[in-house]
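Peer 1: Spelled out from the first residue to the last, the chains are:
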Amino acid sequence: MWKSNTIFNHFKSTLNFSLLSSRRFASTIAQNPSTFNSIPHANQVIDFPGGTVKFIPEMRFISESSQERIPCYRVLDDDGQPLANNFVQVSEDVAVRMYNNMVTLQIMDTIFYEVQRQGRISFYATTIGEEAINIASAAALTMDDVIFPQYREPGPLLWRGFTLQEIANQCFSNKYDNGKGRQMPIHYGSNKHNYFTVASTVATQIPHAVGAAYSIKMDKKDACSITYFGDGGSSEGDFHAALNFAAVMEAPVIFLCRNNGWAISTPTSDQFRSDGVVVKGQAYGVCSIRVDGNDALAIYSAVQAAREMAINEERPVLIEALTYRVGHHSTSDDSTKYRPTNEIEWWRLARDPVARFRKWIERNGWWNDMAESELRNSLRQELLHSIQVAENLEKPPIADIFNDVYDVPPSSLREQEQWVKDTVKNHPLDYPENISA
Amino acid sequence: MLRAIRNKSILPAFSAVRAFSSSAKEMTIREALNTALDEEMSADPKVFLMGEEVGEYQGAYKITKGLLDKYGPERVLDTPITEAGFTGIGVGAAYYGLKPVVEFMTFNFSMQAIDHIINSAAKSNYMSAGQISVPIVFRGPNGAAAGVGAQHSQCYAAWYAACPGLKVLSPYSSEDARGLLKAAIRDPDPVVFLENELLYGESFPVSAEVLDSSFCLPIGKAKIEREGKDVTITAFSKMVGYALKAAEILAKEGISAEIINLRSIRPLDRATINASVRKTNRLVTVEEGFPQHGVGAEIWFSSLHCLFSVQLVNSWKYTNLLHLLNSTSVIEESFGYLDAPVERIAGADVPMPYAANLERMAVPQVEDIVRAAKRACYRSVPMAATA
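As you go down the protein sequences, you meet chains Z and W in turn. So the first sequence is numbered by the numbering used here: it starts at 1 and just counts up by one. So the second sequence is numbered by the numbering used here: it starts at 1 and just counts up by one.
Keep in mind the hints are simulated off the structure, nothing from the lab.
Restraint-style ranges between C-beta atoms, simulated for each label pair: (1) W/Glu253 x Z/Val424: 52 to 62 angstroms; (2) Z/Leu413 x W/Tyr337: 17 to 27 angstroms; (3) W/Val350 x Z/Val424: 45 to 55 angstroms; (4) Z/Val424 x W/Ile249: 46 to 56 angstroms; (5) W/Gln365 x Z/Phe55: 51 to 61 angstroms.
C-beta atoms are modelled at their ideal positions from N, C-alpha and C, and glycine is treated no differently.
Just chain W, same shape as in the assembly (with noise of 0.2 angstroms):
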């Protein structure tokens, strides 16, 4: 059922008029984050749901709508305007055996409570030798919306992936959306669920396993979107949609694009990337937030890593080790394999600007991720993207 779908054309991010498969349904991310939501907080009443404006205003995103009439006001908690606040009280109720599920209107407020979702919940279960696991979700809008200005644009991947304890996922399409999201409430540790605000009126086929309440998706697996044999383009969220579309306008030059939706930010599937790499032997990677530091830096550096697997290989314990890579996905080597530079694509190094035309030009487009390929292609494109 699922292959069926991954290999129809997948459908472009904004395209209001969607091909309908004869046996799938089709739903919103909006729709699926919801339903997520309920059937969780149907299946245990540990989990609860707090935030700004969750219950009575019905969500800022509409997401948790209907949920506070269906569940009380003991389970659908409006919060007082402090994400300090709120969130350590979350990791509070978490410490004790709840399983809250927190809302940050966007991740650009996170950094307010950034110490507790640190500080208190990631690092909680190695401080306290196991004693205090901290099984709390936190998810909200991340990234780049439509003219929100630079206080509300910031995408936290890479901020939050570069954090030993948490687990950060961003989904694409409505499977992605619910799969991950029960998986992450279902998961006894802490983890960051980075939803995309242009993404909530987005439609996308769901099949009838996507729909039953026990679905759920595993987290550290990313998902090959579109097969292909001459580069690969890794991208989450938002990009996903992008880099689909730019697959499209390269398949008619023939360049056949690998696209690989990325699902969890940590852990990284890096045996899916490195994998699909020593296929195609290109590799672009795409994100929305800043270069510098950003989830394209660490793949690229994933691509090179030389783990100790490549030394053991050359020590007596071999066998130990044929034993380690039969049971385990091993980081390998891919460097050897590249036969281009890796090309990064990231949203432009400055604050994002308001106006729409710099707005534009400050976040990839999908000009910019056909012309990344095209040059890991050694296809003539000059290296400045914009003019």
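Chain Z on its own, in the form it takes in the complex (with noise of 0.2 angstroms):
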């Protein structure tokens, strides 16, 4: 027994030491070839590749979750009533321009919804229920931090600037369109506002983020990415890459889960078994935390601690936004065939993170009935005449079918195209008459 055990000893430690060995570049870290220890002892601990870890003569599992779900941060009270005076104190000027965004993001949503039920725009997806989320995550960040979203999040552009005319002329796919009338509607994109363009394709934006932090740190910029998402996106495998990922590389991004209950049709329940998405940061070596996504000034607080740590300490933050999905998926849903309206409408009237945030800050003096009601006379005259406008202008070009496909235009795109014009001005009465070259 004892020979045996000496022989295997040995050859342990020869194998030991060949794996342990391997050169290492510098910057990485160093595993130290540890003495093997040949007595069987209650304390021994050993470095396997990866460092080392304890013994136990226990088989003990893991259980699949702990005794208490996450605990989840909030700020404000259902009634608008701050719980705690540690918070990160937001100035009238910054809560006044959130509310009104918050505003704006919800009128928006609701006329356009009801636009794309008259037919005049094909689609539509609302925000409602995460208002806070949009608006306050994007005010606690800086014009330098790169946006990759989803398609829900709509609110960040209008935060940094983006009119309700260039919603409207992307809704509507006119010339005016920065999109170039490429996309669906509510597929938004802005360099100018550093935004990246909406894209369908759930969870690709979610490594796109990690990359863009890694160019960002490379450039030794003071800035990050921040990157939406649902919480039907984390079950994609880009999701698990990107985290794994955004740890090893160290790169300065933030990870923002709208957890809003539904998958389309699809509950959370179905969705995953583990304690939502909060606990799957720790698995990849990502710290994270769990917020209440229908407090604004809860979600201000965390997305600015969050931005601090990414840049400061590079390294990647997970945020999950608990939260409800007020509206259907999209207009092509009707959620009313999977969900009880009572619910939905307990969500809308009760926990609306709009209401829950005025009632704070008119407790503050910084706003009142009457401004509510200009505000929102307002905003439905403005959005009202941005639909008129849009809906009239004329649609893009024929040359931006064959524009972008690469850098510069290749001469058989360029020949496709004047072949299109000419069969256009050749047969007028075969075309419809705002088609413009």
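Using the hints, put the two chains back together into the complex; each one sits in its own frame.
Peer 2: See the structure below:
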């Protein structure tokens, strides 16, 4: 017994040495070859690749969930009263601006949803119920921070100065759409506002954000990237690869998950069996926090803190914002088919993040009923006007079919473009009048 | 200099000893790719590499040898095993303005990442209306190696070349490898760069011009490796070597074959192909990949394709057309010039078998190309090329 142990131990120690003695580049963490301890002992540790691990004689499985769910950070209660004083103070200017943007988002969504129902645009997806996440997160960032949205985050664009007219132009895909009519409604994007164009592909933006964060780090900029996704998006392979990578690459990125309970008709109980998304951070070596997504001040504080950690400590941060998707998934969905109407109504009214924040700013003397009705009326006017203008503008020119496929248009596409233009010109009766060359 | 090399009898792909030109140096494909990467990384600090085993291991096929030591771990990234992940991250870095060169250990593994290659890279400039350009290169070995089985042997040229927004290149010689990789890295559009594992160790003569660090080949131009007048044979990557060998054999039987090295699968150099077909009147396309919807199928159609240019000749826009014809490379109709049906040589329509004898029969061999050329020239050879 002893003899075979010695041989075995000798073999193991040789193996150990060759495993751990491979040359590692300076910046990676060096592995220290350990002296192999062959005497069985209750406190024995060993340097497996990856670091020191203690041994225990009990066979202990880690439970699939902890006793208690990870608690949720909030600042304001349901009535808009602060629970404590340890939150990031927001000035009157910023608070009022945040509230204005939240109301804008709410009204914009309501009206555009109706416009789609009237058949004037083909598609729309609302952000109702998630206004606090949208606006407060943007407010806690700077213009240099790069945003990688999913498709339920027009709020940061509004915060950064994208106008309602520009929104309408994109939804109507007219010639002033800075997307040149290439995409469905709500697929906004703007270099000027550091907001990457929305793509329908779920969760692909998550590794993109990590790559961009890495580039920002290489540029040594005082900035980070932020990416938004839903509870459903966290099931995609891209989510897992991105978190894993971000930790390894030490990239300054904020992962903001809008856990709104539903991925079209799939409730979170069918999406994952973990305690939401926040616990997945630790699995990848990413620090994380769970936040009340309907509390604008909690979102603001958490995102600001995350931003500092991401940039100063060069590390990713995961924020799970708990909320509820009050609207349907999109205009192609009728969510009353798979969830109770009274549940939707309760969240729409009793848990409205806009109303909750309003109570706080009113209590501070920064807002009142008159300001409210003025704001809502003027927004309605502005929106209806923008929509009317956008609807009557010309569509993009034929040339925009063929541009931007490549950096420089190849001759084959130029030929095809000429062909199309000539065909339209030679057969005007076969084509609508509003096609411009 | 280049003409001198071209007119020499181009050496077959697998011979060990090369005839040495007095002024030309020899370089393996591996060295060609390595020096190209090195020079582009040196010239532009935004260029960086990522992939599995590219750093510490010096590259799975040693293409990136020495680069980690020279440029450090910030610019040569060893990635975890997730093609989808690191491709997405590379695309994100390109969105922001870096110039990643992403290595797939083989392009078979790129299937894990194909959503990012097509939807996040190829289409982004268009879908963002020019706001998001993606100056990324995806490179790695493509197609069959030797004895690696079906999941490691597929050719992806046709799949990627179908997508607008991508450029797809496939080098044959060391000159191709250097010039095209440099062009790919400098190009602002996403480029898929299809190498061949079995060619990595092959040596080719390279001129001083090719060795210069500013050397670059144009994307979208094929190369006529060997001029001929009886039959046109198009090929890319390893098959160019086979085609050249076939040309030697055909020459002994009095058939002069013109060998076109495509170099660029998208954009395809239709002008060169069509000019050659109009000269020889016979066409054989050669590729290693599956026949259906392959590169050969596209070239076949290109030679028949009758574009608006013919229609417009009859219209009042004639003068504008002349201007167009003179200033751009226009696809021209060649159907009328063909004296025989186009012969398409491709890999067998089966997943690649492993056993050496079966594998040999599943990929085109020199004899297949010779027989196809003879059929196109109406020398009596039965259609069934293999026993």
